[in-house]
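Once you've looked at the hints, dock chain D against the given chain A.
Number of protein chains: 2
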Amino acid sequence: MTEKKEIKVGESLSIAYLGPKASYTHQAALDAFRDESYTLDPQITIEDVFSAVQAGKAYRGVVPFENSTNGSVVFTLDLFADLHNRYPDILVCGESYIPVQHCLLGHFPDDKRGPSATPNTASNVIESPLSSGAVTPTNREPIPQKPTARPIGDLSRIRKIYSHPQAWGQCKIFLNAYLKGIERQDVSSTSRAAELVSEDESGTSAAISSAIAAKLFGLKVLAKGIEERGDNTTRFFVIKRKDTDDDRITDQVANDQEQASAEQWKSLVSFTVDHANPGALAHSLSVFERYGLNLTSINTRPSGVENWNYIFFVEIKGRKIEGNEDEGEVNQALRDLDKVCRGRRWLGSWRNRLRDSV
Amino acid sequence: MTEKKEIKVGESLSIAYLGPKASYTHQAALDAFRDESYTLDPQITIEDVFSAVQAGKAYRGVVPFENSTNGSVVFTLDLFADLHNRYPDILVCGESYIPVQHCLLGHFPDDKRGPSATPNTASNVIESPLSSGAVTPTNREPIPQKPTARPIGDLSRIRKIYSHPQAWGQCKIFLNAYLKGIERQDVSSTSRAAELVSEDESGTSAAISSAIAAKLFGLKVLAKGIEERGDNTTRFFVIKRKDTDDDRITDQVANDQEQASAEQWKSLVSFTVDHANPGALAHSLSVFERYGLNLTSINTRPSGVENWNYIFFVEIKGRKIEGNEDEGEVNQALRDLDKVCRGRRWLGSWRNRLRDSV
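Residue numbers (the UniProt record's numbering), protein chains in the order written: chain A, 1 to 358; chain D, 1 to 358.
Heads up, a few of these hints could be off.
With the Cβ distance kept under 7 Å, some of the chain A side facing chain D (calculated, not the full set) [to be verified]: (1) I46; (2) G71; (3) S286.
None of these hints come from the bench; they were simulated from the model. What you are looking at is a predicted structure, and each value in this text was computed from that prediction instead of being measured. Note that the Cβ used here is the ideal one computed from N, Cα and C, for glycine as well.
The following block holds chain A by itself, in its conformation from the complex (with noise of 0.2 Å):
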């Protein structure tokens, strides 16, 4: 049934990721190819890199899953779920946890001002919120969190603001203090946000954006590390054509994968239940307990066929032993829940880097 791909020495192989270049899932894909015979292909949407991959364009696909303080993504999500059955031959191969730090990136003021400018100096550093009001207890707020990170330049000129929606929730402390009201616009990424600040010439728009954008677009750092919480991250997926195999493993399922036990691998299973059934989903998460299965993740989305009906996505450690379907735990779960729930797929397995990284 599977196809081997003849791989030759020496050729390049594409790398489909969610660009722009200096996203954040651009520094995953860095981080899960090293390899300078991979060449990183950017994609403007998450679908395009399903699509580059399931189409064989592309060799592996590198695609933001969850973050650890916004939760799931849920454009990801949906793609797994393949409800117009485009992408039925995507499997999880791999995952990379990258740190999310980010920064205000903008303009000081004598960038545009020329040579006789205010230079940047401590007098136009902004004054602490501890003492300008922003976070006095209010009724609401009877006691206000305080930013972790301040602004090392003057932010009052600035009028408006370029993000991802996602960078808002992670920090909603340090903009409500320091950026209140101030208009916010959406964009497709962190890295396009800076991107239109560097090409903004009044100077009075700032991104929400990374440190290597900051570098890549020439903008100034306003301020850094601005999000809540010191260890936010994102856990991006890398995924592959089931019918490619893992003959070059020079990426991150490494040498070491035979060596590796079962505890060690992750396995990600969507499954839709009958929801008429009140035991049905207690019923299926219960079969990976059975087998000593420890469930890492579970998430649900609106099942696209009935409303109020859902398709779970589970994450448990363990692998599935591909060829031998009587084989290991994970098969063993697999054709328990067979019985139990509706339909069922499972969406790949992949070496826990969990540890690696945080």
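Frame of chain A; chain D shown alone:
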């Protein structure tokens, strides 16, 4: 313990809802509180609604919880998760299902050009996308989906579309067929989108919004029912402070309250589990099965305490009997849940309205 608020006859009660006026939440608030004795007060954010109810400024609040196509409203889930203990007294006490029919609103060309402008005749109605190449099969989309709605005006002058982020996902096929590549700007509500378009004197912008908003802001309906699924519905929760009782039942928790069997009620429970224990989640869910309580939805959000740990939200068919903690299946299930989960909170019981409206 429970402080009874005395409500005088004839007193107008404030209902806080996620505004602005003519939003879908406004429609939900009108649906739940039809009586003229209520004053409907629009709020800027979902958190403002929680805040007004928690502070006792509003008698009830109405917030969006879930859309049948797009899934859960994570902002609302995070407010129920209440990591900073700001809304400890909020309970769900009702629900409302509002069919969502998105329209494309804008100006007709002659709106701006005076009486000599071309009238909107059949000749400037856009060509069917079936012959325009918009739904031509491609490698990526071998069987492209056809939009169910057609524009009733020329869309070629539209340069920018405003809407709420959830609407893009619901109108993907229409947008791909008729407005591909046109700049999109996220705004806080579909109603606000209509307002912005009404203020745009160039007449080159459009909004994805409701027919009610078209009336309110004097806009033309350029296309009707542009969402993919005809049964697209949003579910709203009515929230209350736990110490306000239901003595004055003119709202949806109607007089038949006592007659309704437990099966006609739903309850919301949040809990966290010990992630190191493989069976913790399955055990937690099985307590509901033990008492025959059907799970109607499950959601997860980051726990906010430790990365990759989650808070679970479970909705069950059944009603918690207050006052007597030993009575009823829900109380028994909650007692058993306490033995297997780390921490849990009952977030309210209310009459199931699903059959009434959809």
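Here's how the hints hold up against the structure:
1. For A/I46, the suggested interface contact is broken, since its CB lies about 13 Å from the closest CB of chain D, more than 7 Å.
2. Restraint check, A/G71 versus chain D: the minimum CB separation of about 5 Å is within 7 Å; hint holds.
3. Hint status for A/S286: holds, given a least beta-carbon distance of 4 Å to chain D, under 7 Å.
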